[in-house]
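Chemist: Here the structure of chain A is known, so what remains is to put chains B and C in place on it, guided by the hints.
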Amino acid sequence: MKIGLFIPCYVDAVYPEVGVATYKLLRHLGLDVEYPENQTCCGQPMANAGFESQAIPLAQKFEAKFKGYDYIVAPSVSCTAFVRLNYPRLLGGKTAQHTEEGHVCETEHTHEGHVCETAKKAMDVVEFLHDVVKVKQRLGTFPHKVSLHNSCHGVRELGLSSPSEMHVDKFNKIKDLLQLVDGINVVEPERPDECCGFGGMFSIEETAISAQMGRDKVERHIATGAEYITGPDCSCLMHMAGVAKKQGLNIQFKHVVEILAAGL
Amino acid sequence: MSTQHSKAAKEFLKNQKYAKWHDATFWAVRSKRDNMAQGLDEWEQLREKASAIKRHTITHLDEYLDQFSTAAEKNGCIVHWAKDAQEFNEIVYGILKNHDVKKMVKSKSMLTEECEMNPYLESKGIEVVETDLGERIIQLKGQKPSHIVMPAIHLNHDDVGELFEEKGISKEKGNHDPTYLTYMARLSLRNEFLTADAGMTGANFGIAETGDIVVCTNEGNADMSTSCPKLHIAAIGLEKVIPNYECLAVFQRMLCRAGTGQPTTTYTSHFRKARPTAHEMHIILVDNGRSEWIGNPEHWEVLKCIRCGSCMNTCPVYRRSGGYSYSYFIPGPVGINLGMLRDEQQHSGNVSACTLCLSCQTVCPVKIDLGDQIYKWRQQLDEFGTANPEKKLMCNGMSMLYGSPALYKMATAVSPLANIIPPFILNSGLNPWAEGHEMMKFPKKPFHTIIKELKD
Amino acid sequence: MASKEDILKKYRANVRQQFDMPDLSDIKATTYPEPLVQFVKMSEMVGGQVIEVDPGRDINTLIKGLYPDAKEIASNLPEVTIATRNPDTVGRARDLNGTDVGIIRGMFGVAENGCIWIPQQMKEKAVCFISENLVILLPKSQIVNNMHEAYKRIEFNDYGYGTFISGPSKTADIAQVLVMGAQAARSVTILLMPE
Numbered sequence: 001m002k003i004g005l006f007i008p009c010y011v012d013a014v015y016p017e018v019g020v021a022t023y024k025l026l027r028h029l030g031l032d033v034e035y036p037e038n039q040t041c042c043g044q045p046m047a048n049a050g051f052e053s054q055a056i057p058l059a060q061k062f063e064a065k066f067k068g069y070d071y072i073v074a075p076s077v078s079c080t081a082f083v084r085l086n087y088p089r090l091l092g093g094k095t096a097q098h099t100e101e102g103h104v105c106e107t108e109h110t111h112e113g114h115v116c117e118t119a120k121k122a123m124d125v126v127e128f129l130h131d132v133v134k135v136k137q138r139l140g141t142f143p144h145k146v147s148l149h150n151s152c153h154g155v156r157e158l159g160l161s162s163p164s165e166m167h168v169d170k171f172n173k174i175k176d177l178l179q180l181v182d183g184i185n186v187v188e189p190e191r192p193d194e195c196c197g198f199g200g201m202f203s204i205e206e207t208a209i210s211a212q213m214g215r216d217k218v219e220r221h222i223a224t225g226a227e228y229i230t231g232p233d234c235s236c237l238m239h240m241a242g243v244a245k246k247q248g249l250n251i252q253f254k255h256v257v258e259i260l261a262a263g264l
Numbered sequence: 265m266s267t268q269h270s271k272a273a274k275e276f277l278k279n280q281k282y283a284k285w286h287d288a289t290f291w292a293v294r295s296k297r298d299n300m301a302q303g304l305d306e307w308e309q310l311r312e313k314a315s316a317i318k319r320h321t322i323t324h325l326d327e328y329l330d331q332f333s334t335a336a337e338k339n340g341c342i343v344h345w346a347k348d349a350q351e352f353n354e355i356v357y358g359i360l361k362n363h364d365v366k367k368m369v370k371s372k373s374m375l376t377e378e379c380e381m382n383p384y385l386e387s388k389g390i391e392v393v394e395t396d397l398g399e400r401i402i403q404l405k406g407q408k409p410s411h412i413v414m415p416a417i418h419l420n421h422d423d424v425g426e427l428f429e430e431k432g433i434s435k436e437k438g439n440h441d442p443t444y445l446t447y448m449a450r451l452s453l454r455n456e457f458l459t460a461d462a463g464m465t466g467a468n469f470g471i472a473e474t475g476d477i478v479v480c481t482n483e484g485n486a487d488m489s490t491s492c493p494k495l496h497i498a499a500i501g502l503e504k505v506i507p508n509y510e511c512l513a514v515f516q517r518m519l520c521r522a523g524t525g526q527p528t529t530t531y532t533s534h535f536r537k538a539r540p541t542a543h544e545m546h547i548i549l550v551d552n553g554r555s556e557w558i559g560n561p562e563h564w565e566v567l568k569c570i571r572c573g574s575c576m577n578t579c580p581v582y583r584r585s586g587g588y589s590y591s592y593f594i595p596g597p598v599g600i601n602l603g604m605l606r607d608e609q610q611h612s613g614n615v616s617a618c619t620l621c622l623s624c625q626t627v628c629p630v631k632i633d634l635g636d637q638i639y640k641w642r643q644q645l646d647e648f649g650t651a652n653p654e655k656k657l658m659c660n661g662m663s664m665l666y667g668s669p670a671l672y673k674m675a676t677a678v679s680p681l682a683n684i685i686p687p688f689i690l691n692s693g694l695n696p697w698a699e700g701h702e703m704m705k706f707p708k709k710p711f712h713t714i715i716k717e718l719k720d
Numbered sequence: 721m722a723s724k725e726d727i728l729k730k731y732r733a734n735v736r737q738q739f740d741m742p743d744l745s746d747i748k749a750t751t752y753p754e755p756l757v758q759f760v761k762m763s764e765m766v767g768g769q770v771i772e773v774d775p776g777r778d779i780n781t782l783i784k785g786l787y788p789d790a791k792e793i794a795s796n797l798p799e800v801t802i803a804t805r806n807p808d809t810v811g812r813a814r815d816l817n818g819t820d821v822g823i824i825r826g827m828f829g830v831a832e833n834g835c836i837w838i839p840q841q842m843k844e845k846a847v848c849f850i851s852e853n854l855v856i857l858l859p860k861s862q863i864v865n866n867m868h869e870a871y872k873r874i875e876f877n878d879y880g881y882g883t884f885i886s887g888p889s890k891t892a893d894i895a896q897v898l899v900m901g902a903q904a905a906r907s908v909t910i911l912l913m914p915e
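Protein chains in written order, with the numbering used here: chain A, 1 to 264; chain B, 265 to 720; chain C, 721 to 915.
This is chain A alone, in the form it adopts within the complex (with noise of 0.2 angstroms):
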């Protein structure tokens, strides 16, 4: 099994120890990683703002870099689900702009002619643990109390977690994970799948309600006493570690990844 590892812009450039503790526990866990360089963006922010069609270069690059591998695995749940559930559509040449007429769009996309297979075998790294390998061996040391944040993205498009808006079997990869590391205490806040209120350009956009969000999301984590606020993303944690700072609020952030490898 051929892991390429994706490491989406902001994790480089602002949490690249993210990055090295993904690459760490993969390499841990026995299993050939790769990291192909010269990796820029996902395009994630520019198609959520409206210009999914820069997005396409962005994902022939990726289809071009990450040919040949089993799985791609990034530490981030927003990037993977962007590149997982997108690029097929944008790589067959439907944007919204270019539906040709009489076809009706829908979420999962059928086409002819292009193959797109890798961007199907894009994984967030949680759910490649949990669903591929499934590590069931101990891993990491973290003698804290964490407060589990269950990034949107997760939740509702990669399933990491049983929404709190149906009716299923409850279940949480992200917190199966954790509980293989020695000495965690993992606990979930209130509306323990509630919007941090980053959502890419919305932070920059809807500054009053992002930060109103940011902050009751945070308030949220640390009524639960925990030392630490833990998730799958890091625009989240970024987020809500800039809105913690700015207003006083007194937790660390973590990402999940970090956590799992962490004394490894």
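By construction, these hints were calculated from the structure, which means they are not laboratory data.
Treat the hints loosely; a few may be bogus.
[Stated by the list, open to error] List of simulated lysine-lysine pairs, DSS-like, C-alpha gap at most 30 angstroms:
| # | chain 1 | residue 1 | chain 2 | residue 2 |
| --- | --- | --- | --- | --- |
| 1 | A | K245 | A | K145 |
| 2 | A | K170 | B | K296 |
| 3 | B | K494 | C | K843 |
| 4 | B | K338 | C | K872 |
| 5 | B | K719 | A | K65 |
| 6 | A | K65 | B | K716 |
| 7 | B | K296 | C | K872 |
| 8 | B | K716 | A | K67 |
| 9 | B | K673 | A | K67 |
| 10 | B | K631 | A | K170 |
| 11 | B | K296 | C | K748 |
| 12 | C | K729 | B | K338 |
| 13 | B | K366 | B | K405 |
| 14 | B | K705 | A | K246 |
| 15 | A | K24 | A | K173 |
| 16 | B | K716 | A | K134 |
| 17 | A | K67 | A | K120 |
| 18 | B | K708 | A | K246 |
| 19 | C | K791 | C | K843 |
| 20 | A | K145 | A | K134 |
| 21 | B | K719 | A | K61 |
| 22 | B | K719 | A | K121 |
Modeler: Chains B and C only, in chain A's frame:
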């Protein structure tokens, strides 16, 4: 990079106590919905069936509308067809004029709000009395509804108490107890029911097979509006017609559970014809854009909407900005989508009032892909000419940066310099991120450099 | 009517893709081991009062006992002897205003939500809503599990009106405080009648 919504939301949030109450109130309704959903093992199956029934029905709607109107006419109803809001208002006025109506009581109808019927009739000298308590309150206050199910939710009991004192509805000055105020409103509205010449209802559902108009209320005001006056006019949007009772059971079970967290509304009333001592029952089927929206390849599924309001209750943005922050009369996720269908030029600003968290489409009882559709509307803004120019500029910049690995690497090499930009520049208006956040620190080495060193 | 054809034609022309009606026969609707017990529980939860009437008990004395201060009682039911007004014979619907107790018949109850199916059985249906207090006579053996079952058996008569009523009229429109007695009945008493 502000919009009407972001500016209004900023104002809304300035009153922290009120904003927190607003958020908590709607979260409580969302929680009640959750309890209902958890209490029915078949909940997700019902959602799937409801969605499938609607997809079938609205794509065969011409047949069902024909069946419905035929059945209603056979029952003795007079059926009208309004192509748009103006025609609807004129038809209503025509009926009222023919029957010499001076005063009409009405139960809740967002459709009449959509058509701006009240001001039209009032300009023609007809008194229109809202009888849903929430609607009556905002009517007396001269305000618009801030939510489609709880229109006066933004007012507290003091606001209502003072209003009722001012309008002579309550007698005890200073008594703002909701039970007392509700009782005083009851007495006032009771008089209206008894003296009105006509009663208008909306319709939650129209049943094609039998010609029933079905109206769900907790207050019983639709039934009071149709029990005393001699004329009943029912206003119904085309998409509210469903095939039969077997389908109705699915929707009736979901409507109130989803919208208010109750197992049912107090009254689920079926109207087939005028009562024996009334003159006539009229039904007005309203198009006003619906026959066009069904043709929209990305957005036709919004026609599945049963107007339950659960998307608003769960929307973290709606909860923290309130109905008045939105430019369209229906707020929240479904309002963003409906507003764009109505007038994309006027309502494009709402489209960024969303983090794409997708909670809305996860609660929606008929599984409308509300959040996905908001994403799709964003893709069309440039084509509409309503894309935000600053956003476009930023995206073009990012596109260029990310399109060139060399350029990108250069940027990561210099980004640590941002760490030493003085706060007075970082926190200036030029950096919207700094409004709510403290800037992150850029590490000296990005991952793509560190990994090389790790491997060497 | 010109508008009807125009609208239907336009709509038909714009439909891009059609979907079939789903099969509804496999809905796993909740049922109850004891529907009557659930019905009583739900009726009480929505603010109703439920009284089981023993065989032979005179409902007129029962109702008079429940509402000793009632002056105006409206009903067209043959078994009710205490009525002072009759919704079949009043001059106008509004003449029923000021009714303290309205007594009507329900056909069957729905366990999942405390609803009672009440087809119009009187000239002026106002009695069901205008009365301050509503008494509903319900045959206690006629309880269905849920609305799927209910909608299979509702029947209309020539009056062309029927309603499901679940508890008293209510609203939470003022500051989200639940108040019983909005525009219609302020209390509902269900008399479960023996066979």
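Chemist: Each of the hints needs a verdict: does it hold here or not?
Modeler: Tested hints:
1. A/K245 <-> A/K145: 20 angstroms, holds
2. A/K170 <-> B/K296: 18 angstroms, holds
3. B/K494 <-> C/K843: This hinted pair holds, its Cα atoms lying about 13 angstroms apart.
4. B/K338 <-> C/K872: Holds, because 22 angstroms separates the two Cα atoms, which is no more than 30 angstroms.
5. B/K719 <-> A/K65: At roughly 19 angstroms apart (the allowed maximum being 30 angstroms), A/K65 and B/K719 satisfy the hint.
6. A/K65 <-> B/K716: 17 angstroms, holds
7. B/K296 <-> C/K872: 29 angstroms, holds
8. B/K716 <-> A/K67: Distance of about 21 angstroms is within 30 angstroms: holds.
9. B/K673 <-> A/K67: Answer holds: B/K673 to A/K67 is near 22 angstroms, not above 30 angstroms.
10. B/K631 <-> A/K170: Holds. B/K631 to A/K170 sits at ~20 angstroms (cutoff 30 angstroms).
11. B/K296 <-> C/K748: 22 angstroms, holds
12. C/K729 <-> B/K338: With a Cα-Cα distance of about 22 angstroms, the restraint between C/K729 and B/K338 holds, given a limit of 30 angstroms.
13. B/K366 <-> B/K405: 22 angstroms, holds
14. B/K705 <-> A/K246: 14 angstroms, holds
15. A/K24 <-> A/K173: 20 angstroms, holds
16. B/K716 <-> A/K134: At roughly 29 angstroms apart (the allowed maximum being 30 angstroms), A/K134 and B/K716 satisfy the hint.
17. A/K67 <-> A/K120: Holds, at about 11 angstroms.
18. B/K708 <-> A/K246: With a Cα-Cα distance of about 23 angstroms, the restraint between B/K708 and A/K246 holds, given a limit of 30 angstroms.
19. C/K791 <-> C/K843: 22 angstroms, holds
20. A/K145 <-> A/K134: The hint holds at about 24 angstroms.
21. B/K719 <-> A/K61: 24 angstroms, holds
22. B/K719 <-> A/K121: Since the Cα atoms of B/K719 and A/K121 sit roughly 25 angstroms apart, the hinted pair holds (cutoff 30 angstroms).
Violated hints for the displayed structure: none, as all numbered hints are satisfied.
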